[in-house]
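Protein chains: 2
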Amino acid sequence: MAKDFPTREENYAQWYNDLVIKADLAENSAVRGCMVIKPYGYAIWEKIQGTLDKMFKDTGHVNAYFPLFIPKSFFSREAQHVEGFAKECAVVTHYRLKKSPDGKGVVVDEDAKLDEELIIRPTSETIIWDTYRNWIQSYRDLPLLINQWANVVRWEMRTRLFLRTTEFLWQEGHTAHATSEEAIEETRKILDIYASFAENWMGIPVLKGTKSPNERFAGAVDTYCIEALMQDGKALQAGTSHFLGQNFAKAFDVKFLSKENKLEYVWATSWGVSTRLMGALIMAHSDDHGLVLPPKLAPTQVVIVPIYKKIEQLGEISEFALKIKKSLESKGITVKYDDRDTFKPGWKFSEYEFKGVPVRLAIGPRDLENQTVEVARRDTLEKEILQVTDIEKKIEHLLEQIQKKLYHKALSFRENNTHTVNTWEEFLDIIENKGGFALAHWDGTVETEEKIKEETKATIRTIPLDSKQENGFCIYSGKPSMQRVVFARAY
Amino acid sequence: MAKDFPTREENYAQWYNDLVIKADLAENSAVRGCMVIKPYGYAIWEKIQGTLDKMFKDTGHVNAYFPLFIPKSFFSREAQHVEGFAKECAVVTHYRLKKSPDGKGVVVDEDAKLDEELIIRPTSETIIWDTYRNWIQSYRDLPLLINQWANVVRWEMRTRLFLRTTEFLWQEGHTAHATSEEAIEETRKILDIYASFAENWMGIPVLKGTKSPNERFAGAVDTYCIEALMQDGKALQAGTSHFLGQNFAKAFDVKFLSKENKLEYVWATSWGVSTRLMGALIMAHSDDHGLVLPPKLAPTQVVIVPIYKKIEQLGEISEFALKIKKSLESKGITVKYDDRDTFKPGWKFSEYEFKGVPVRLAIGPRDLENQTVEVARRDTLEKEILQVTDIEKKIEHLLEQIQKKLYHKALSFRENNTHTVNTWEEFLDIIENKGGFALAHWDGTVETEEKIKEETKATIRTIPLDSKQENGFCIYSGKPSMQRVVFARAY
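Keeping their order, the protein sequence lines are chains G and X. Under the numbering used here, think of the first position of the first sequence as 1, with each following residue one higher. Under the numbering used here, think of the first position of the second sequence as 1, with each following residue one higher.
In short, the hints are calculated from the structure, not lab data. Fair warning: this is a prediction, and the values are worked out from it, not measured in the lab. A couple of the hints might just be wrong.
When chains are identical, the list treats them as one kind, so a pair holds in a single copy or across two.
[As the list claims (entries may be wrong)] Below, in silico cross-link-like pairs of lysine-lysine (BS3-like), each with a Cα-Cα straight-line distance of 27 Å or less:
#, residue 1, residue 2
1, LYS22, LYS47
2, LYS259, LYS336
3, LYS262, LYS344
4, LYS409, LYS104
5, LYS104, LYS250
6, LYS259, LYS310
7, LYS323, LYS336
8, LYS57, LYS323
9, LYS348, LYS259
10, LYS104, LYS87
11, LYS87, LYS348
12, LYS189, LYS113
13, LYS468, LYS310
14, LYS54, LYS331
15, LYS309, LYS262
16, LYS326, LYS453
17, LYS113, LYS87
18, LYS331, LYS57
19, LYS54, LYS336
20, LYS409, LYS468
21, LYS189, LYS336
22, LYS323, LYS54
23, LYS344, LYS250
24, LYS326, LYS57
25, LYS296, LYS22
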């Protein structure tokens with residue numbers, strides 16, 4: 001194997017952490033809980049960003065930028081929001097340093113204390129709705145469909161690269177509407193965008209549904225989410241879309257004159273995905289040989305490695321390789337030709353395998369003779385010799401196949417790890433021993449949900465949108481229930 | 001005029017501020033000194049970002065992301081850097097809020113005090129070089145050509161939208177090299193990229209040169225810059241590229257094993273442009289009718305407005321207009337068709353004029369008959385009637401013409417406002433009465449530069465790269481000098 005790291009079986013958590021670090025995706029920084037996203041990891045994030053950004057714009061959204069700082073008092077305006085967000089956060093109290101009296105270094109200048117502390121945004125509803133008050137007067141100003149790409153900070157005690165970090169990157173959409181119906185429609189539209197992105201780009205099947213009151217966003221009337229299942233049987237929330245009702249409009253006094261000439265509070269949504277998606281992407285497909293990336297999000301889709309004994313052979317091979325590179329690029333495929341003489345082919349093979357490059361082409365002197373190329377695919381580790389005729393079509397097709405295969409593999413995994421359970425014993429067995437999603441009846445109360453969480457660490461991941469109505473009994477309380485919800489332990 | 005605001009002549013500062021706000025580019029936020037970049041302004045910034053990002057990538061750079069927070073002690077590592085940057089900055093001292101004892105709102109939890117304060121990055125050399133220490137061991141790891149798009153915070157007392165704000169958006173490149181020569185070459189390469197972007201995209205001619213020691217970046221051996229001249233005769237520094245020598249490598253102990261197997265300190269550069277460029281763009285071309293945007297950076301390059309008396313006419317006009325829109329889009333032109341019935345054509349005309357849309361097409365019933373379209377260009381406010389045959393080629397050509405014209409207009413302005421001065425009296429006259437660039441001899445000392453600044457508020461904007469060697473005498477001290485430098489009052 002390329003790099004010395006544990007298998008998933010041996011130690012899943014360590015496997016993930018080592019993979020992130022050794023594949024040059026990210027690392028811990030000198031600042032506790034904050035990560036450095038390295039160029040290879042960031043290149044994947046840029047693909048995620050670019051794709052989502054286009055999907056948002058294609059549905060009429062525009063980008064803007066709001067301040068990093070939020071005045072402390074803003075948090076107290078929305079009662080539930082302050083409970084959820086104004087706790088573990090970075091607080092700016094001063095705006096100046098001065099020379100330390102001992103001459104060594106700098107100290108905080110106590111004369112430069114802020115009248116009101118500033119909070120580094122953990123999410124931007126408050127500052128944005130404070131701004132919207134001046135932007136919205138009439139129904140003509142609606143809807144307002146705004147998104148922001150930004151960094152946010154939530155002071156986390158236990159952090160894990162990409163999955164939970166003190167600072168993370170994300171997008172947060174904040175829309176304003178004239179009616180409740182339109183806002184709910186927007187919330188659902190975004191949920192569909194997120195699901196489509198997860199499935200068609202990341203190759204990760206997701207459940208779409210709502211959150212139980214316990215898991216709802218602080219300040220939301222309803223939280224929609226997409227939930228994915230990781231290879232260790234734990235769930236990962238990959239994106240949320242909130243219907244905020246008129247809560248923030250009321251908190252920040254945002255009213256509009258309706259077509260009927262009545263002054264009404266504005267309806268709101270907010271929605272976001274973050275660098276957490278990177279964690280999902282890494283965990284969903286990778287194996288004990290390293291990273292596996294879906295072609296649509298791989299910074300390099302194809303790598304070409306020349307194989308030669310004597311340096312004199314390189315010229316001819318390069319000519320052949322560069323012709324192939326060019327024809328692949330004509331199909332929009334991202335190709336890297338690695339002709340570095342400082343590394344052996346074997347080293348390069350395991351390096352690109354470890355970094356999850358979907359397709360590797362190797363070209364040696366015999367390939368020149370035979371007009372062939374050796375094609376290795378990362379997902380199955382299979383190799384075959386292909387004639388170079390129409391190579392661009394063959395590789396294009398192969399990349400599509402890999403993309404599909406990864407999705408279907410993840411889908412099979414989820415199907416095999418989704419269990420319909422009817423008793424508490426079955427439930428415990430799934431949660432404690434097998435992992436995965438447990439579809440179970442629940443009596444709909446916060447108390448039951450909390451007790452189940454206390455006893456098993458499993459939470460309701462989602463109440464699926466497509467779950468059918470059926471009579472049943474809560475696995476915990478035995479009370480009647482009308483539909484199954486999805487339980488799991490989660491990231 | 002579209003909006004009630006002063007002419008440049010009446011009050012240039014107010015003209016600028018009103019323009020930014022009334023053209024929906026940005027506004028002041030609830031947080032002192034921080035701005036909200038509105039969707040229209042942000043769309044321009046996205047064009048700037050996208051273009052520069054491609055230029056960086058085409059020259060081998062990659063993006064990454066480093067933490068927002070910098071431990072306070074990091075600033076003290078590089079002696080000059082701490083002088084320049086660790087003063088006016090946002091200091092995070094606590095990581096938790098709690099419910100206020102009186103039950104109203106939240107207060108800082110004094111139990112959650114950080115052992116070491118964290119500074120919101122004013123620039124990232126320190127945290128990045130602390131990271132590079134682990135990334136660089138051998139000459140094989142070099143060069144490292146990394147860029148970051150990020151927000152930074154410098155606590156400014158007097159702020160102006162885009163030009164000087166407490167939080168701003170920027171890119172910061174941080175590269176590491178094996179030799180001094182290579183690092184200097186990188187510094188110059190980036191300077192050329194900045195200059196080319198300013199001239200070919202923003203339509204703003206710039207002077208390329210170095211900074212005097214007084215104006216140098218804190219921690220740099222040499223600072224290169226591009227300087228532009230605004231319509232009020234003040235200079236604006238539009239981008240800087242620093243050769244940092246081994247200063248940061250020494251401060252953070254970043255060494256590499258050279259090809260000759262010797263342990264050496266790494267050579268560094270850093271370079272950046274920010275949302276300040278937006279200020280330059282707005283000021284460089286706009287007029288008393290509002291914003292003027294160069295076509296290459298305009299979010300909407302062409303707007304089409306239908307003119308009709310009866311709503312029944314709209315269908316036919318729309319069909320005609322959408323055909324034109326489609327043919328323009330086939331040339332990669334960004335077109336908006338504004339068929340809103342809630343606004344009159346006259347209102348739309350002045351709105352798009354005010355927002356600087358480069359070309360406006362108006363189409364009425366007579367145009368349908370004659371197969372014509374009325375074309376208005378924003379820069380000259382000229383109108384003409386064109387046959388629709390090959391309209392996409394005509395408009396494409398017109399956009400190119402406008403782009404060039406804006407540059408040449410700005411260039412003429414700069415030429416007319418660049419003065420060669422030989423005496424202190426001439427210098428004072430230019431600085432106090434006329435404005436613009438004053439090319440003058442300077443004795444090369446910090447003292448003289450500071451005295452000139454004290455007496456006139458003019459600073460050395462740059463020592464031009466192409467300035468010829470000539471014998472002369474310092475305008476202030478009368479001491480001998482070998483070349484002229486560029487003085488001006490500046491933003």
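Outcome of the hint check:
no. : hint              : in the structure
1   : LYS22 <-> LYS47   : within (21 Å within a copy, 35 Å between copies)
2   : LYS259 <-> LYS336 : between (57 Å within a copy, 26 Å between copies)
3   : LYS262 <-> LYS344 : between (74 Å within a copy, 25 Å between copies)
4   : LYS409 <-> LYS104 : neither (59 Å within a copy, 53 Å between copies)
5   : LYS104 <-> LYS250 : between (50 Å within a copy, 18 Å between copies)
6   : LYS259 <-> LYS310 : between (79 Å within a copy, 23 Å between copies)
7   : LYS323 <-> LYS336 : within (12 Å within a copy, 41 Å between copies)
8   : LYS57 <-> LYS323  : between (36 Å within a copy, 23 Å between copies)
9   : LYS348 <-> LYS259 : between (65 Å within a copy, 22 Å between copies)
10  : LYS104 <-> LYS87  : between (34 Å within a copy, 15 Å between copies)
11  : LYS87 <-> LYS348  : neither (48 Å within a copy, 47 Å between copies)
12  : LYS189 <-> LYS113 : neither (45 Å within a copy, 42 Å between copies)
13  : LYS468 <-> LYS310 : neither (67 Å within a copy, 52 Å between copies)
14  : LYS54 <-> LYS331  : both (20 Å within a copy, 20 Å between copies)
15  : LYS309 <-> LYS262 : neither (82 Å within a copy, 31 Å between copies)
16  : LYS326 <-> LYS453 : neither (55 Å within a copy, 57 Å between copies)
17  : LYS113 <-> LYS87  : both (21 Å within a copy, 13 Å between copies)
18  : LYS331 <-> LYS57  : both (25 Å within a copy, 20 Å between copies)
19  : LYS54 <-> LYS336  : both (25 Å within a copy, 18 Å between copies)
20  : LYS409 <-> LYS468 : within (26 Å within a copy, 68 Å between copies)
21  : LYS189 <-> LYS336 : between (37 Å within a copy, 24 Å between copies)
22  : LYS323 <-> LYS54  : between (32 Å within a copy, 24 Å between copies)
23  : LYS344 <-> LYS250 : neither (65 Å within a copy, 34 Å between copies)
24  : LYS326 <-> LYS57  : between (31 Å within a copy, 19 Å between copies)
25  : LYS296 <-> LYS22  : within (22 Å within a copy, 41 Å between copies)
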